Amino acid sequence: MANMLLTMGKALLKHKLHLGTLTGMERFMVSAVTLADRAATFLAATNIEPDLIDPKFDYVLLSKSVDANLELFGLVRQRIHADVVAVPYWLGLMCVGPAEFGTVFKVEKRRVPYPIDYPIKKQEDIDEIKIPQQATGYLKMVFDINKEVQRRYPDALVMVMMDGPWDLAMLLRGDRELPNDLRIYKDYSEAKDQATRDKIRRFGNPDIYPAIMELTTQLSTRFFQLAQENGLSLMGSALVDQYAAKPIMSRADYFKYVHPYRLRVWEALGRQVSPGYQVPSPRETEQNMQDPVLRKGFGGFSNYIFPQTPEGVTLPEYDQPMLDLARKYKQSYMYMVHGKYLRDATESQLDATVQRICRMAVDSRVNLMVSIASVPPGASVEKANYVFRLVEKYGRY
Amino acid sequence: MDTTIAQAVEEGNLYDIEDMVSAALAAGASPKELLDALMAGLKACGDRFETGEFFLPELMGAGNAFKTGMAVLVPKLSATDRLSQGKVVLGTVHGDVHDIGKNLVGFMLSSAGFTVVDIGTDVSTEGFVQAVREHQPQVLGMSALLTTTMLGMGDVIKELQKHDLRDKVKVIIGGGPVSKKYAEDIGADAYGNDAAQAVSLVRSLL
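Chains Y and G supply the protein sequences, listed in that same order.
If you read the first sequence in the working numbering, its first letter stands for residue 16, the second for the next number, and so on.
If you read the second sequence in the working numbering, its first letter stands for residue -12, the second for the next number, and so on.
Keep in mind that the hints were calculated from the coordinates and are not lab data.
Treat the hints with care, since some could be wrong.
[Said to hold, decoys possible] List time: in silico DSS-like cross-link candidates among lysine-lysine, alpha-carbon distance up to 25 Å:
no., chain 1, residue 1, chain 2, residue 2
1, G, LYS54, Y, LYS214
2, Y, LYS201, G, LYS54
3, G, LYS30, G, LYS168
4, G, LYS74, Y, LYS398
5, Y, LYS136, G, LYS54
[To be verified] From the structure, some residues in chain G lie toward chain Y, with a derived Cβ separation under 7 Å:
no., residue
6, PHE42
7, MET47
8, SER166
9, LYS167
All values derive from a computational prediction rather than experimental measurement.
By construction, the Cβ of each residue, glycine as well, lies at the ideal position given by its N, Cα and C atoms.
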């Protein structure tokens, strides 16, 4: 942590006194505080399809070998020309611990591991899941990879990203059952009389939802603690509940039935983790800024789940309001180029899109960070680098 | 039309719908009239989802209420009462177990009066071909959430061609990584950007 603060201080000094060109990490840090020299670029390495780097890497190998993940991350760092390349493991949703509690993942060579069976079938199953004393399995693997990355690449950004109570519950109960559990619990707790509550019990068990969320609140807290016990810093860490948003649930339901559990994790961890909450519009982004907890969230100023055109570009009318908000709240606007657009668009289409968003940010004097949501089959590393070069060309303040 | 029953479905009142439908039948309401009420409730819920007022738990509640009401009603309905707008087979492609998007599409289509045959997730190429052969739908809908699994959609279309079934069914595709260009590349008839478009998309093909 001390190193990070030192790097930040040096970067700010270098920028203010014009002591040379900022490195990628320096630019990333400067943009968190003040307007940098140009828009920054960022890529989560895990979002690149492994065989686009080298066909010898597949998900079976990557799910077994720490070394394979480290080697692949090293190659991604060499070949991708983004300011910051982070998230050095390719484990899909296994990386946040559910496999250790009985969620069954199917691991195939050319597909991101995905859950096919869930351990909580009935309420009694919840008691079978014990809070872990030590990190094991895939969770341990992620910690080991992060630690080794920190050792090999001291300038790398190592972020601990763990699922929050809702997303963990989705992985332990299943994405079909949990929304239904919530529905039954909501109806039960909002019922006006005992007769109605008795009737609801004939159709479902209202006790499952709070019991699962209680468990996953403790699990989520413990996972972050285990990260610390395994030598990782929680600075810049994120508590992720990406499925607790539209269209899965309303903002009102989020605040009533999910947010209180997330608050408990946040408090238990000494308010160190960033409890970001992705929203689908500038209006809700501004609402987040009124919330004392959500306004500290990582990635809150992002177009990640905003509505898109059929080609996969965020509706262009959302960009200027987001830039205005970013300026108002002294934040960066993280603009995601979606994987399908990267794959399908021609170079001239990419050029027009990146140029448009960069020019708007430059004119508005707002820090912009451009990232690519995924580099899928059919796209290429060269195409991703093309996007990053366009940012360097058009994103100078 | 029985607006109380329609409202119960719209609000996902799964708990009272059985009694309400039974009572309405006992009071002499026609099964067709009650079917219209159940459908109207489902449609109202779908409309509220489309405008961003309702979300997944509300849709699930309405869907469950509709099914519960229908269980009482089905034995009383005549064949003509049950006339469908058309039949749609829906499934998520092989290697992909995400079904939220598919379920939303199924809900929207059911609420608009289509018969939906949901063949589930992780459906093999042969599974889709078999379902088209068996159910003879007007439309086949395929969903994928992963950039790797969506490639299976093209295989299904090729297999339909191979078995002389392609010209007997319209193919629509959807899901996060799918695009209009991809639909054109693999020879699908249409692509849906989100679940809310499903009804107009299917109607435009029939």
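Comparing the hints with the structure gives:
1. At most 25 Å may separate the alpha-carbon atoms for a hinted pair to count; LYS54(G) and LYS214(Y) meet this at roughly 17 Å.
2. Distance check on the hinted pair: LYS201(Y) and LYS54(G) sit about 20 Å apart at the alpha-carbon level, within 25 Å; holds.
3. Distance restraint check for LYS30(G) and LYS168(G): the Cα-Cα separation of roughly 31 Å exceeds the 25 Å cut-off, and the hinted pair is therefore not satisfied.
4. With a CA separation close to 41 Å, the supplied pair LYS74(G) and LYS398(Y) exceeds the 25 Å bound.
5. Proximity of LYS136(Y) to LYS54(G) is assessed by CA-CA distance (about 22 Å); at most 25 Å being required, the pair is judged to hold.
6. A cut of 7 Å between beta carbons decides the hint on PHE42(G): the least distance to chain Y is about 5 Å, and the hint holds.
7. With its C-beta approaching chain Y no nearer than about 5 Å, MET47(G) sits inside the 7 Å limit, and its interface hint holds.
8. The beta carbon of SER166(G) is positioned within 7 Å of a beta carbon in chain Y (closest approach about 5 Å), and the interface hint is therefore held.
9. At about 4 Å, the closest approach between the beta carbon of LYS167(G) and any beta carbon in chain Y falls short of 7 Å, and the interface hint on this residue holds.
Comparing the model with each numbered hint stated earlier shows that hints 3, 4 do not hold.
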